[in-house]
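On the provided structure of chain A, position chain B as indicated by the hints.
The listed protein sequences correspond, in order, to chains A and B.
If you count the first sequence from 1, position 28 lands on 78 in the working numbering, and the numbers rise without skipping.
If you count the second sequence from 1, position 9 lands on 17 in the working numbering, and the numbers rise without skipping.
Hints are computed from structural coordinates only; laboratory data are not their basis.
Don't take each hint at face value.
To be verified - With a Cα cut of at most 25 Å, we get these calculated SDA-like pairs of lysine to any residue:
1. B/K261 <-> A/Q82
2. B/K182 <-> A/P121
3. A/K130 <-> B/P191
4. B/K159 <-> A/F91
5. B/K245 <-> B/M212
6. B/K159 <-> A/I100
7. A/K130 <-> B/K245
8. B/K249 <-> A/V95
9. B/K182 <-> B/M212
10. B/K284 <-> B/R315
11. B/K182 <-> A/G117
12. B/K249 <-> A/Q82
13. B/K284 <-> B/K159
14. B/K159 <-> A/V114
15. B/K182 <-> A/T115
16. A/K130 <-> B/K341
17. B/K245 <-> A/L80
18. B/K182 <-> A/H118
19. B/K159 <-> A/Q82
20. B/K341 <-> B/V331
21. B/K261 <-> A/Q116
22. B/K261 <-> A/I85
23. B/K159 <-> A/I85
24. B/K182 <-> A/Y86
25. B/K159 <-> A/L80
26. B/K159 <-> A/A93
27. B/K261 <-> A/H118
28. A/K130 <-> B/K182
29. B/K159 <-> B/L237
30. A/K130 <-> B/M179
31. B/K159 <-> A/W92
32. B/K284 <-> B/P265
33. B/K182 <-> A/W92
34. B/K182 <-> A/Q116
35. B/K159 <-> A/H118
36. B/K249 <-> A/L80
37. A/K130 <-> B/V331
What the hints assert, rightly or not - Not close to chain B: a few residues of chain A, all C-beta gaps over 10 Å, as computed:
38. Y86
39. G117
40. S134
Keep in mind the model is a prediction, meaning the values are calculated, not measured.
Using N, Cα and C, we set each Cβ at its ideal position, and we do this for glycine too.
Below, each chain spelled out in residue letters.
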Amino acid sequence: MSIIVQAARPASGALETSPGHRLLAGHQLLSQGTIYALLLFWAFVSLFPIYWTLTTSLKTAVNVTQGHLIPFVDFVPDWKGWRSLGLSPDTLFQTSTVRTEFLRRFLIFH
Amino acid sequence: MVVLAASLGFAAIFILQVLDTLGVVTLGLTNWRPVLYGYLAWAVLFGAAQVMMRGEEGEKALFVLPAVLFTIAMVIFPTLFGLAIAFTDWNLSSAEGPRFNGLANLWQLMSDRYFWNALLNMVFYVLAVLVQYTIAFGLALLLNAEIRARKFFRVAFLLPLMLSPVAVSWMIGKSLMEYQFGPAAALARHLGWTNPAFFASPWMARVSIMMMDAWVSIPFIMILLLAGLQALPQEIKEAAKVDGATGWQSFCKITFPLMLPVSITAIVLRIIFELKLADIVINVTAGGPGGATDTVSSFIFREYRDRSNVGYGTMLAEIYLVVIIVFIALLLKIASRWMQKAS
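This is chain A alone, in the form it adopts within the complex (with noise of 0.2 Å):
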């Protein structure tokens, strides 16, 4: 008994310091490629919305109606909508009072 446990303990030292140890030590219920497929899947579902809420903010209506997703190769990207709340790059030095007010509601200063 105390044999195999003492010609446990280096191997498993051994391991330690390869990559991959936890997971062999762990479950090897799935291999590498299904748990990367698996993460990738789940940061698909978690990124989308924000990557299309952040796209659609440079859409113009027909952009959005065409279901347009990526930006330069299905559209090009418009400041239409960030220039009515005077933060495009052309209106964001200009003085606007739908951004102060946009900017005090959405900041709290009140």
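Then chain B, alone, in the frame of chain A:
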């Protein structure tokens, strides 16, 4: 001297209260603010008296007193006062103020089809927490495995939790799942669903709401479980490996039982949050179609906002509070008994 100061505080609030109640007739005070000031002054004096009278014991009491007095003023008093409102017929749109109407609100609630419907929906929403838990456990295991770019995946998986549910309901419910132009609808059409109306039929709408809710709350369960997984001692799993346990055995016999306390904490917390689910439902479907997605909270919200029915709405809220307390107490009891049996 010290007792005098304390009783002076007492006297101050009593006089103010009496003045105010009489004030409706004599002084014409327009609001109840004097009582609040009286309460604050009394609280300060009461605290000071504690220290002066009881020395060190009083100083210890001073650490608890602010919280206790605040809870009394902000939680216990409104709950009891709400109980008084719950027995009145008080509609903001009618000219007359609150009128006492006995148990009429309670009878109305008993026969309110939409309330019972909302309560039944809550059963489905709470059951959905178990599905969220299963997915979250899987994700936590994935993140706990030896992987590259772990930080990226961790942040990506956590992002939905950092968004406001109101923003989520517009981002996803109102635009991504929009019938005509939403990418989710486009994808569903592409996969062969010719009429991807996510919020038209009762069950589809319910499942859509559950999916949005899961999107926001899975990261919450996941992060709790991940913390639990990382705190597990590695030696036990290694020992099992040496003894020749397969991956599945090691998960069922070691990881899962050791994770039970964390799991139960996560599930109970999530169920408590789930019982208060309202923001997504209000913003996306407003309870429709035909009350299929209604939660009790969103139903109460509409009772107040759309019908200005303060009396009945308060009765609903008070009854729901009782239901939640009973349900959570039973749940904790069952969970602790189950834990004892498991260990």
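Hints, verified against the model:
For the hint linking B/K261 to A/Q82, the alpha-carbon distance of about 23 Å falls within 25 Å, and the restraint holds. Restraint check for B/K182 and A/P121: the C-alpha separation of about 22 Å stays at or below 25 Å, so the hint holds. The straight-line distance between the Cα atoms of A/K130 and B/P191 is roughly 21 Å, inside the 25 Å bound, and the hint therefore holds. A threshold of 25 Å between alpha carbons decides the hint, and for B/K159 with A/F91 the separation of about 16 Å falls inside it, so the pair holds.
The hinted pair formed by B/K245 and B/M212 fails the criterion: a straight-line CA distance of about 42 Å is larger than 25 Å. Distance hint between B/K159 and A/I100 is fulfilled; the C-alpha atoms sit about 18 Å from each other, no more than 25 Å. The hinted pair formed by A/K130 and B/K245 fails the criterion: a straight-line CA distance of about 57 Å is larger than 25 Å. Between B/K249 and A/V95 the alpha-carbon distance is near 34 Å, which puts this suggested pair outside the 25 Å criterion.
A hinted pair counts as satisfied when its Cα atoms are at most 25 Å apart, and B/K182 with B/M212 qualifies at roughly 15 Å. Between B/K284 and B/R315 the CA atoms are separated by roughly 21 Å; this keeps the pair inside 25 Å, and the hint holds. Taken as a hint, the B/K182 and A/G117 pair is honoured in the structure, with Cα atoms around 15 Å apart against an allowance of 25 Å. This hinted pair checks out: B/K249 and A/Q82 have alpha carbons roughly 19 Å apart, not beyond 25 Å.
Under the criterion of a C-alpha separation no larger than 25 Å, the hint pairing B/K284 with B/K159 is inconsistent with the structure, at around 32 Å. Our distance criterion of 25 Å between C-alpha atoms is broken by B/K159 and A/V114, whose separation comes to about 33 Å. Between B/K182 and A/T115 the CA atoms are separated by roughly 14 Å; this keeps the pair inside 25 Å, and the hint holds. Under the criterion of a C-alpha separation no larger than 25 Å, the hint pairing A/K130 with B/K341 is inconsistent with the structure, at around 57 Å.
At roughly 17 Å between alpha-carbon atoms, B/K245 and A/L80 fall within 25 Å of each other, so this suggested pair holds. Restraint check for B/K182 and A/H118: the C-alpha separation of about 17 Å stays at or below 25 Å, so the hint holds. With a C-alpha separation of about 17 Å, the suggested pairing of B/K159 with A/Q82 holds against the 25 Å cut-off. Using a Cα cut-off of 25 Å, the hinted pair B/K341 and B/V331 holds, with the two alpha carbons roughly 15 Å apart.
The suggested pairing of B/K261 with A/Q116 is violated, with an alpha-carbon distance near 52 Å, which exceeds 25 Å. For the proposed pair B/K261 and A/I85, the alpha carbon gap of about 22 Å is at most 25 Å, so the pair holds. Note on B/K159 and A/I85: the hinted pairing holds, with a Cα-Cα distance of about 15 Å set against a maximum of 25 Å. Proposed proximity of B/K182 and A/Y86 is contradicted: the alpha carbons are some 31 Å apart, above 25 Å.
For a cut-off of 25 Å, the pair hint linking B/K159 to A/L80 stands: about 21 Å separates their Cα positions. Under the criterion of a C-alpha separation no larger than 25 Å, the hint pairing B/K159 with A/A93 is consistent with the structure, at around 12 Å. Between the alpha carbons of B/K261 and A/H118 the distance comes to roughly 49 Å, so the proposed pair goes past 25 Å and is violated. Our distance criterion of 25 Å between C-alpha atoms is met by A/K130 and B/K182, whose separation comes to about 21 Å.
Restraint check for B/K159 and B/L237: satisfied, since their Cα atoms lie roughly 16 Å apart, inside the 25 Å limit. For the given pair, A/K130 sits about 19 Å from B/M179 by alpha-carbon distance, which is consistent with the 25 Å threshold. A C-alpha spacing of about 14 Å is found between B/K159 and A/W92, which places the hinted pair at or below 25 Å, so the restraint holds. Distance hint between B/K284 and B/P265 is unfulfilled; the C-alpha atoms sit about 29 Å from each other, more than 25 Å.
For the proposed pair B/K182 and A/W92, the alpha carbon gap of about 22 Å is at most 25 Å, so the pair holds. At roughly 17 Å between alpha-carbon atoms, B/K182 and A/Q116 fall within 25 Å of each other, so this suggested pair holds. At most 25 Å may separate the alpha-carbon atoms for a hinted pair to count; B/K159 and A/H118 exceed this at roughly 30 Å. Restraint check for B/K249 and A/L80: the C-alpha separation of about 16 Å stays at or below 25 Å, so the hint holds.
In summary, the hint linking A/K130 to B/V331 is not supported, as the alpha carbons are separated by about 50 Å, beyond the 25 Å threshold. Chain B draws A/Y86 into its interface by the beta-carbon criterion, the shortest separation being 7 Å against a cut-off of 10 Å. The claim that A/G117 lies off the interface is violated: its Cβ sits roughly 5 Å from the closest Cβ of chain B, which falls inside the 10 Å cut-off. Look at A/S134: its CB is around 17 Å from the nearest CB on chain B, clear of 10 Å, so calling it non-interface holds up.
Hint violations for this structure: numbers 5, 7, 8, 13, 14, 16, 21, 24, 27, 32, 35, 37, 38, 39, all remaining hints satisfied.
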